[in-house]
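S.K.: Sequence:
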Amino acid sequence: MDHDIPTFPLDDPAETVMAALAHGMTGHPEKAAALFEPFINGGPATTVALCASLAEAAALGPCKNLPVNGAFGLLVVDLKTGQRGDINQAPAGVRFAAQFLTAWSNGQQDTAYALFRALVTADDDASAQALAEGIRALFEIAVVSLNEPTGRTS
2 MDHDIPTFPL DDPAETVMAA LAHGMTGHPE KAAALFEPFI NGGPATTVAL CASLAEAAAL
62 GPCKNLPVNG AFGLLVVDLK TGQRGDINQA PAGVRFAAQF LTAWSNGQQD TAYALFRALV
122 TADDDASAQA LAEGIRALFE IAVVSLNEPT GRTS
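The sequence shown lines up with residues 2 to 155 when you count with my numbering.
Just so you know, not all the hints are guaranteed correct.
Mimicking SDA-like on lysine to any residue, the simulated pairs with C-alpha atoms at most 25 Å apart in a straight line are [claimed, not checked]: (1) K65 - K81; (2) K32 - D12; (3) K65 - T112; (4) K32 - G44; (5) K65 - S146; (6) K32 - T112; (7) K81 - E141; (8) K81 - V145; (9) K65 - D12; (10) K32 - G108; (11) K65 - L76; (12) K32 - K65; (13) K81 - N70; (14) K32 - L76; (15) K32 - K81; (16) K65 - T8; (17) K81 - N107; (18) K32 - S146; (19) K32 - E149; (20) K81 - G108.
Keep in mind the hints are simulated off the structure, nothing from the lab.
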């Protein structure tokens, strides 16, 4: 069955994010970048809204499995040693995505917003690159999370 998933931003921002996630879920994540452009070009408010939307999608399934009064944690494992790692050793974008997602999933929106502001405050190429990597990481986590119940890997 062929589904026509939009490849251009739609009037409804939620539908645009859902189209981007659908591309990722069907194995075409490269089509999502163009859909994210209006959010990023819209400035910090729309960019953080995109991050929040992706975090919400990423946490949708896992939130259902939390026990009452449960919370998400952030466990970092060094793939070389198999031992616990340090999130501060992760690249800035990956660190942002992991911390933002954890804070958002735990209902700590003020912390998530503070993490976003800290990342974009520098307003230089390094922070722009880290933000791009963070958005991509949030997108990829959301795609994996949404695909999990279906058994798809992308």
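S.K.: Each hint: holds or not?
M.R.: These are the hints, each one checked on the structure:
| no. | hint | result |
| --- | --- | --- |
| 1 | K65 - K81 | 32 Å, violated |
| 2 | K32 - D12 | 18 Å, holds |
| 3 | K65 - T112 | 22 Å, holds |
| 4 | K32 - G44 | 21 Å, holds |
| 5 | K65 - S146 | 12 Å, holds |
| 6 | K32 - T112 | 30 Å, violated |
| 7 | K81 - E141 | 22 Å, holds |
| 8 | K81 - V145 | 23 Å, holds |
| 9 | K65 - D12 | 30 Å, violated |
| 10 | K32 - G108 | 30 Å, violated |
| 11 | K65 - L76 | 19 Å, holds |
| 12 | K32 - K65 | 29 Å, violated |
| 13 | K81 - N70 | 34 Å, violated |
| 14 | K32 - L76 | 30 Å, violated |
| 15 | K32 - K81 | 32 Å, violated |
| 16 | K65 - T8 | 31 Å, violated |
| 17 | K81 - N107 | 29 Å, violated |
| 18 | K32 - S146 | 19 Å, holds |
| 19 | K32 - E149 | 21 Å, holds |
| 20 | K81 - G108 | 32 Å, violated |
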